[in-house]
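Student: Going down the list, the protein sequences come from chains Y and R. Position 151 of the first sequence, counted from 1, bears residue number 151 in this note's numbering, the numbering being contiguous throughout. Position 45 of the second sequence, counted from 1, bears residue number 45 in this note's numbering, the numbering being contiguous throughout.
Just so you know, these hints were derived from the structure itself, not from any lab. Glycine is no exception: its CB is placed at the ideal position from the N, C-alpha and C atoms. Take the hints with a grain of salt, since some may be wrong.
For lysine to any residue, the following SDA-like pairs were computed, each having C-alpha atoms within a straight-line distance of at most 25 Å [claimed, not checked]: (1) R/Lys177 x Y/Arg86; (2) R/Lys94 x R/Thr34; (3) R/Lys177 x Y/Gln91; (4) R/Lys94 x R/Thr35; (5) R/Lys177 x Y/Phe34; (6) R/Lys171 x Y/Arg86.
Examples of chain Y residues lying across from chain R (beta carbon under 10 Å, computed) [said to hold, decoys possible]: (7) Lys80; (8) Pro83; (9) Tyr89; (10) Cys107; (11) Gly108; (12) Ala115; (13) Gly119; (14) Val120; (15) Asp121; (16) Glu122; (17) Val123; (18) Val124.
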Amino acid sequence: MGLEQKLGNMGVVTTTLETAINWGRTNAMWPMLFGLACCAMEMISTVMPNNDLSRFGMELMRASPRQSDLMIVAGRVSRKMAPVLRRLYDQMPDPKWVIAMGDCASCGGIFNNYAIVQGVDEVVPVDVYVAGCPPRPEALLNGILTLHEKVKQEKLKDWA
Amino acid sequence: MTHIQDTLAALTAKFGEPKAGAALEAVTEFRGETTLVVARASLLDVLRFLKETPELGFTFLAYLSAWDDWPNEPRFNVCYQLRNLTLSSNLRVKVLVPGDDPVLPTVIGVHINANWYERELWDMFGLKITGHPDLRRILMPEDWEGHPLRRDYPLGYEEVEFTFNFEEIEKKKPYAKN
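Could you build all of it, start to finish, from the sequences and the hints given here?
Tutor: Printed below as a string of structure tokens:
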């Protein structure tokens, strides 16, 4: 891999704590297991072997919010569901991130009516919006990689 | 004679000829579907007669719903879709409910499965079902105000965004905090 040349005789790699932690966070980011509508089908096929989310250390979809780092809001959120969504978000341990997958989760999509929340950013803070109705698995993977880029740029002084 | 024609004859013999103001208000047929408009006061009697007379046998309430004809009066059209399971014939019983008096008697005593349908009528149209044992909202959250399927209920809660009003809508949009 070319990496062993950098090891030297002692077998030690030097890096900053920030980089090491961000590297760890990006490569074992466990998404929460829940889908709300048709976008969930695309999220499922993202995990399946053709697209294989486990390449990014994300194959563990956690059914408990207490074990997950990433919430992928896959689908439209009704106003009756919104308090439940916020409660799940509050139960996730820090650090946590949110991807709004698809048009409905991002801005309400085609459902501009009384029953659907016009974008989940009214309920939870969103890091990455993925466009599409529904987005293809490639688009979701692109959103996840964009989030990885964002996490890699986090600074130690901002964590406190 | 078909089963529906037999049914209509039996109903006429029991409740009188269909005319405005009578127990049976009208009978219409459209593409093989028969609709029977009954007065609100005689709804329970008609449904019970249709169910409990053996040769009629409309024992199954397949669906119960309504629509709002606002601004025309009477405003609410409540439809009881009945089915005879052995002869596979359908009959629609319709009740017209005025907007200033949105009250309807419960039919749980005749068809037990009307319970949740009537809760939906209350939730979506605001029809007060008298005698219902558990009249709560069924679809909308419990603290919801208004009845969404009424036609005078506003459709959406956010304007459609264009380039000229984008910033204005953006200012009003509630964003969540961490």
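Student: Using Cβ atoms only, decide whether Y/Lys80 comes closer than 10 Å to chain R, and label the hint accordingly.
Tutor: Since chain R brings a Cβ to about 5 Å from Y/Lys80, closer than 10 Å, the hint holds.
Student: When the nearest CB of chain R is found for Y/Val120, is that gap smaller than 10 Å?
Tutor: holds, 8 Å
Student: Minimum Cβ distance from Y/Glu122 to chain R below 10 Å?
Tutor: At 5 Å from the nearest chain R Cβ, Y/Glu122 passes the 10 Å test, so the hint holds.
Student: Hint Y/Ala115 vs chain R: min CB-CB distance below 10 Å?
Tutor: holds, 7 Å
Student: Against chain R, run the beta carbon of Y/Cys107 and see if the smallest gap drops under 10 Å.
Tutor: This hint holds: Y/Cys107 lies near chain R, its Cβ roughly 8 Å from the closest one there, short of 10 Å.
Student: Does Y/Pro83 meet its interface restraint, that is, does its C-beta lie within less than 10 Å of any C-beta in chain R?
Tutor: holds, 8 Å
Student: Would the pair R/Lys177 and Y/Arg86 pass a check requiring their Cα atoms to be no farther apart than 25 Å?
Tutor: Given that 25 Å is the threshold and the Cα spacing comes to 11 Å, the pair holds.
Student: Quick check on Y/Val123 please, does its C-beta sit within 10 Å of some C-beta on chain R?
Tutor: holds, 5 Å
Student: So, Y/Asp121 near chain R? Judge it on the closest CB pair being under 10 Å.
Tutor: Interface hint status for Y/Asp121: holds (5 Å vs cutoff 10 Å).
Student: Holds or violated: are the alpha carbons of R/Lys171 and Y/Arg86 at most 25 Å from each other?
Tutor: holds, 22 Å
Student: Sort out whether Y/Gln91 lies within 25 Å of R/Lys177, counting only the CA atoms.
Tutor: holds, 15 Å
Student: What's the verdict on R/Lys94 and R/Thr35, does the C-alpha distance respect the 25 Å limit or exceed it?
Tutor: holds, 7 Å
Checked against the numbered hints above, the structure violates none of them.
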